[in-house]
Amino acid sequence: MTEIDPITLAVLTGRMEQIADEMDATLFRSAFNPIIAEAHDASHGLYHAETGDTLVQGKSGLPIFVGVMAFAVKAVIEKAAERGELNDGDVWIFNDAHIGGTHLSDMRLVRPYFRDGKLFCYLASVGHWHDVGGNVPGNYNPAATEAFQEAFVLPPVRLVRAGEVQPDIIDIIMRNTRLPQSATGDLNGQMNALDLGVRRLDSVLDEYGAETVAAALDAMGRRAETLMRAELSALPDGRWEAGDFLDNDGITDTPLPIRVALEIKGDRMVLDFEGTAPVTQGPVNIALPTAVATAYVAIKHIFPSLPANAGVMRPIEVRIPEGSLLAAEFPKPTGGYTETILRMIDVIFAAAAQAAPERVVANAYGTINALSIAGRRSDGSPWVMFSFYGGGHGGSSDSDGLNHGNAPISTATIPPLEILEAAYPVMFRQWALRPDSAGAGRHRGGLGAIYEIEVLEENGAEAFLFGERGRFAPKGVAGGGDAALNVFSFEQADGWHHPPLASKMRGIRLDGGHSVRLETPGGGGYGPASERPPEAVARDVAAGYLSAEAATASYGAGWKEVAR
Amino acid sequence: MSGSRMIGVDVGGTFTDVFMLDEATGDARVTKVATTRPDQSGGFLAGIDELAGDAADLSVVVHGTTTGTNALLERKGARIGVITTQGLRDVLEMRRRDRPRTWGLRGDFVPVVPRELRLEVPERTLADGTVRQAVDLAAVRAAGRELLDAGCAAVAVLFANAYANPENETRAVEVLRAIWPNPHVSASSEILPEIREFERFSTTTLNAYLQPEVSGYIQRLEDGLTRDGFGGEFMIVQSNGGVMDVDMASRLPIRTTLSGPAAGVIAAGYIAQSAGFDDVITGDVGGTSFDVALISGGQSMLAAQTSLDFGMVVRSPMIEIATIGAGGGSIAWVDKGGLLNIGPESAGSNPGPVAYGRGNDRPTVTDANVVLGRIDARSPIGALERLDVDAAARAIEAHVGTPLGLGMLEAAEAILRVANARMAGAIRLVSIERGFNPRRFTFMPFGGGGALHAGAMLADVGLGRALVPRYPGVTSAMGCVIADMRQDFVQTVNALVDAVDEAALGALMQRHHDDGMAVLDASGTRFDRRVARFELDMAYIGQTHTVAVPLPVTVEDGIVTPPTRAGIAEAFDAAYRGTYGRLLDKGVRRVMNLRSAVIGERPKFDLKSLAPATAGSAEDARQATRQVYFDGQWHDTAIYARLDLPVGAVIDGPAILEQPDTTILIEPELKGTVDAFGNVIIEART
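The listed protein sequences derive, respectively, from chains A and B.
Quick note: the first sequence uses this note's numbering, first residue 1, plus one each step.
Quick note: the second sequence uses this note's numbering, first residue 1, plus one each step.
In isolation and in its complexed conformation, chain B is listed as follows (with noise of 0.2 Å):
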């Protein structure tokens, strides 16, 4: 490690952020430099360059990346083929027998790799881990001579029951690799020894898919950085909110398809929690989206898999993010039965809102903020001159104010009524739907428009406060440098209670342990502490939905315990209690799968580096005063200089605190007091 300064750099579709964090001195500073496309390594290196100068500096340089989930939305994967169990080849194809839409039956599916480099090979395991029959290594070897002739640049192995027991798919791959002339052969019992085949193979094929694209991308960024003469650790943020080595991530870049919003949640957690708030709902209002995620007692949720479009499924924890289509973007229109709706069609970024001038003539949220004097239309965010509010006005009264009878200013307030009901519905799905009481919870908007509508999700689903922090712009590169680094395991155990091999799952426990450890052990980052975790998927049998369940287990000098059948049982029964309020009588208790996560704290600085200064007036912080519409009429509304505001300050609302990267908003009945970390709490005024 040969500096004190530690880098963070979000990559989005517009703007990529350089946050710069220097330990030694807890100086911190930030940049947004033009996205280059399409290799993004363009903007990361010129965004570095611009903030660090010197890479010889730096300790640590930390990415969160959506090159992997671009490639896997715009299909621009790699050619790659699979080899698979006879009689098996389209599991890939036949998904799970679902639809991309419950109402309509059309559309298709396409899978990314087509059905004739999909080849088969005589193989069988059997669900207890019985071969059947032994794997026909010819029959491997000459479907991978094929699968090369046809150009494909990775191989996924995948058999049936291979999680159960890999031993076909090992020596398949072994094969393999003695003949393929890179390193992307990977099996599926490798990436996740989980059972459900579709899940498995989808996960596999997907991590082989983006492995060429995405290792060569980290490739051009570490060559970029060794050349710059970067000599300290270079890491990648996985969707579960930890970090990991570039190896992993060129081996396993399915691991990376949340990499950017995890990251944010991360730094939502770590700020809200140095504010004193343990419970947080996230919200990032894009352009197309408002993406959510709660964070319990400092904890953020992880979700097993998700969906990154129709059949595109990836298995691996990750940051639990509720999406709903409402964001800046999203075009207000009414229908034939007289119904205002916003999106999920958007304008997105470009052509952008009405206001913009690019073309679209259709409102959308964004316009209604900049007619009611919400966005300063002289000094908008980005790189435009000004802003076309009258442009903005008579659409938001030829789709919205004339099909209602309303006027322009009614109907731009019911766009924004409207719009806030639906991050409204969002923020409930994650929070009251889930058991969680949203007066404990304080909201943080992050991302460039989110501190626009948070009065409104106080109001609308009763949250305690919102917390706006110092640089909202940035939360995910600064989620970057605080991450800690996280190993996730996972194994299928399948047995009951009673029958559970207690030596068997505790090497298995052992093994995950050191295997993680290990992975800490040989990054060259310095962690404050270790922690393993064990959790098993367990359920009644008869019970497809399984519960998490977490298992108290002592590791003492790198020797893990394992629990006993008993303890087994008894954390079933508290976590189901937990989960459903009561047991079920005369249950069996199964245990599905062993989850294992090793986490490598790293060291945390201290946010108040950020905070602005604690001598000076809100007064000197006032730039002016402008009208303001809030509830059916005009205010006089004080508009403040956020980065000026001192420690202390306590604004009165109607108010509009504005700074480069957004525009807060303090509505009537609300406050907004400056923190000692430089953050904007927004309250109720009594």
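Bound conformation, chain A alone (with noise of 0.2 Å):
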């Protein structure tokens, strides 16, 4: 292999990144869904043309990506290989959550690219489709035992073959989503952003070299084996444990168990999941590479500047223990897989947090809190308004925790509640900081908030809820105290209730004028209590984030003092 001097790497490090970034940005530009569009639930990137590793990712897709899409490369090297047969303009498309991982609700395109009748590399395109069939329309199903339940399964088919595209494909596709002119729109996106990749790669080829683009791809993947190296090295040795629950699989009211071993060689890390709970029934399980991509995320999170590719995970190894809920064979349901892995970032965080606490901010709201309420208008139109919602974020040695913000796994914004409230039959009672629901420390937790929604259409709305954190609280990190616990309510005629499985809940009848009501958590406290200065205590009660109350128990009375 050609070597390759510093200058030109560092020049091609940045073109390389703006093409993956450009071809985020065509998808959000065209997309249209808002998942896509808005959340940016989407990622694209190059990758290996031998192995499917992570050349070079974009920017601004979801971080879980990251890891995950080199599993999606792979199974199509796989399946080409097996098919004995790969085109310069082939394209293939698929959403089998077990060999690709994250949902069925992702639909990855993966398309060879080859340079003077050579394969150079793979470019590849995610997106979260709005419905891909399965009994829940949008397909958070809380109560699925399969995964058949939850979408339509396809498995690596070529939708373009040498060039041509194959309308049979497409067919099948759109006779299988509820919106079949959003799914349309989306994978127009999505083949708009992989043409435009090769446009950009052509180029950069054509200026450089296919030679010292390989050389420069290859050093990229080394350099961020050195960098994950040496912040490895940095760290003590040592063997650190953490562990948390899942409240239930939505099936049954079982707690889950989410444990990790982190160990730290020299160089080296290894990450364990042995005493985590086995498969499930309901769908929290994960396929084994979304367990891989999701140690990935964590760990870029603990090291932010190290570059997006597989050579940060060289040193790094992942053991997923066999028949466990992170490795969920086919078809074991998968639906709720962010539940999950927002667990394992946690537990992975609370065993960083014991051996580098400055380097580990402590846990964040830890659900995504996928609310859908859906109903007819009084003309029988059918309306289903969903969406995500925010909470605090964790304390670090730096500041307290965020306020309401996304989850750790996203970069994802939330509507606002005018265009919610245009589009559907409902209003906002309350969008605010929820009080008293950050962990406690010298640098406390962000705020979660409350969202209380009004059925305003007289014909009344179901409600589906699929949440975490109804049980066991985030926590903190370096001695800092947990946040509050999530908590969902529901009106009825006869008052208000909470669900049995206290997170998770479908079909929950709502008559127009009642409300659902949710107080997410906030994040974990970072250091102890003891250490927060009474001025900012006396801050927090000032402006209500703490009542006067809760400021005492956590804090002890020294604020009063120094109170106006």
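Derived from the structure by calculation, the hints contain no laboratory data.
Everything numeric in this text was worked out from a predicted model, so none of it was measured.
C-beta atoms are modelled at their ideal positions from N, C-alpha and C, and glycine is treated no differently.
Errors might be hidden in some of the hints.
[As the list claims (entries may be wrong)] Chain B regions said to be covered by chain A (calculated; three or more residues, Cβ under 8 Å):
no.	region
1	55-65
2	192-202
3	331-343
4	509-517
5	541-548
Using the hints, put the two chains back together into the complex; each one sits in its own frame.
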């Protein structure tokens, strides 16, 4: 392989990252469904020709995809080898989560890129489609026991063969979604993004030559590995354990342990998830690719300056016990994967905080709270309002946690309430910070939120919730306190109720004028509460972030002396 | 109007630039004075005094200001209060549930209004404009008194769905204006009647936060000018590149957030267009950043909103400027993985580059330019006596050369190559990524540092040529004199095309038109032409990103003829096809917002008045020969006094053209030609 000079490497690194970023931007702009267009639940990148490893990935896509897309490309490499056919101009498509990671809503397109008749690398695009069949519109089915109830399952097939689009494949896909128009828009957007990637890669290769670019890609991976090893070497050797629980699997009300042992030896790290609960009947399972990718997300949060490529993971071994809910086999349901991987990140943070507290933030709110409210208007037309809701981030060595942030696996923003009220027959009675929801600490957690949503349509509606943290609160680190639990309530003629499974429920009947209420967790605290200056506590009380009683209970009465 | 002289003033971090044009004689003059802090009015008035002497003789003074931007970035606005819908007082603090950076999960957010000054009152309007609960005016009055008692200097009223029906907000501000001791009372529906509560609340709140500060500043300027006998028109440049009168600037200071940079882009567009180039990419190399804007067909791109800092969202049309953290003061460093990086850490202008000798010992982009002979160490720009070349060389060697195994000069070239690659990336972002072919575009560097990097931009991005204006250091001040008067209006409509109320839309357009024209009438300025433009934000149902749809509307004798539903549908199809290539089969079209712009085009001056002599030879302007390092070796490089070069002079690279406010580098394969306006056009030699 050609050696590459450090300057050309620096220049090419920027060029390649820009290609992936531009592919992201292309899809965000043209996508139809708001989950891609607004929440950026999509990702693009370049992948290794033989191994499928991530070479470069866009910066604005969903963080979890950074690691998981390599598995999608690997699945295509294997399938193409099986078929004995891989052509310039092929595009493969699939959503099978057990081989490609995440969940069935994520449609993956993989395209081999050829240069002078030779395979150079792969380009791939993944995006969360609005609906891909299954029992529940939008595919968040908390009661699913098989993948088939979550969505239709598409294995890797060729959407384009040597440049020829296959209309038969498109017909099959579009007959299996409730929203074919949205799906067609997203599919076109993803194909446009891949086309654009090909054009941009062409011009970089024209300018620098395939050998130089290949050498640069290789050097970028080695550089990432070197950086990771340097970071690990700076940490003490040792073994640290942490554990937490999921509330339940949506079917049986039994807590599910998630455990990790983090071991650092020199410039290597092992993350061993031994002791984690076995595979479940309900949809909180994840497939192996998702578990490995999640470890990557946690590592990237702890070492944020590392580049986004596979080199980072070379010094890290991720051990996922067979038969655990982190390595579910087809057709076990995986629709609630977000909740499980958030908990994996929480335990990795909790373990890493014991090794290097200043590097790690306390747990964030730890659930996406996928809430959908659906019904029919008086003219008979159906409506479905589907959104994820925010909560607090953990405190860190630098500052208090962020109030009302997005989930660590995502960069999604929430739609404005005015957009939701304009589109659906609902009214937000409250959209506010939730007092007393943050974990106490030298740097307290960020506050969670309260959303109270009234159904205006007199026909009423039905609500579906897929959440977590209803029984086990987000944890503090380095001596910081835990945050408040997630609380969901719904209003019926006889008063307010909570779901029997705390954080998951389907088919909740709501009459017109009645509301549902989400009170989301804050983030965990950082450092002992006793180290928080009384002035900071008094300020929190004055602002109403903390009630006087909670302030005294967490921090003692010292704040009263400095309160104005 | 008392005279024929016009003044443009741009206040920057270090210098206050003043540009004066005598419309009658075509005489143009420039000066730079030190910016005064914290009150910039001192430098402003001193600069005008130095250049104009008698202010009584001035017809127009136009100001590009960063007072508002600085107050926002440094969180130095006023103590203000907010009165909002029950249940929604935290909208400002909750933002759109984002976070400061994708990776790391660190950092928090402190809103400009603390929670205890955000008070709720009973009231509620629904999305269709129905008032579900009339505003409780007694509660509003009590809240107003509470905020006054708490020492608030301004108050903003922020009610849900006020874009759909402002009634509750209007009644609330009426009550507040009766008790509030100053004019700083505003309602969100007055500032931005557009759907999306966080963006509207944030814009309205930041406006209120700036009102006391900016209106006080403008008042001091006005008083000073009046004292000096000035009786002409005093105007402020808005972020949209148009000017507004000072009353409006005091009421809507949020519209000044990009005032200075916008003026620069306006001037760049005019200079390039005069020289025959309609497609321009501007590049401003500052101490810490590189700012890029694109002008296509003579029109600068406008962005609908910007975020000045995390959570500080301003929604108001503004010239779209892309910024990356790579400027002259950006620090070059090698990371643990052996990669050379430029920025984002910067030595700024103080302590500045190593060569400034003010205590920074880490090499910057400017240091690389110094050791390679591109900047004259003996007569640098600004107040410094000379530059310390040896110190710069030592820093480059230690921090870049040694870790990468390169010699000092190679390391310096490497720093420039990586810095240029980053700047080229920013240009690609605004051009290639938006579907513009860079070959059509002319790169126009302005500010002090850009002209050193022009050749690299041509090579790296494939831009057609570069144009260095005659006075690049005062481009923004010149833009103040050139900018048109402009008012932007927005109103959310939110209706399917088939259900659009044509008469109501027409009435809305007429109102925007009339309000805008009234502002033009009220100003004492002459206009060559008055234009009203109308645009709809539209999308298919289900899409959240809208397409800007220009409406072909006729205005005759001040009467706007509104478009028909069919006309709207047709205009959408054309705009959508232009953006995405193909239409959506069976898609249902929706109108989200009406956007109107009313523009008074001010008379332009002939840039030829700035041109140098046509006689003389380039040889007369030649100063010396200096050794400059290019492509791995030293070259004998001719040094010229740029301002002495006559029209028509052609200088082959390698050459350096020097003038007080910039240094122009012409690389070995390029040539520079002085055009009829005194601009230097840099392009390939063949």
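#### Entry: Hint check, failures only
1 and 4
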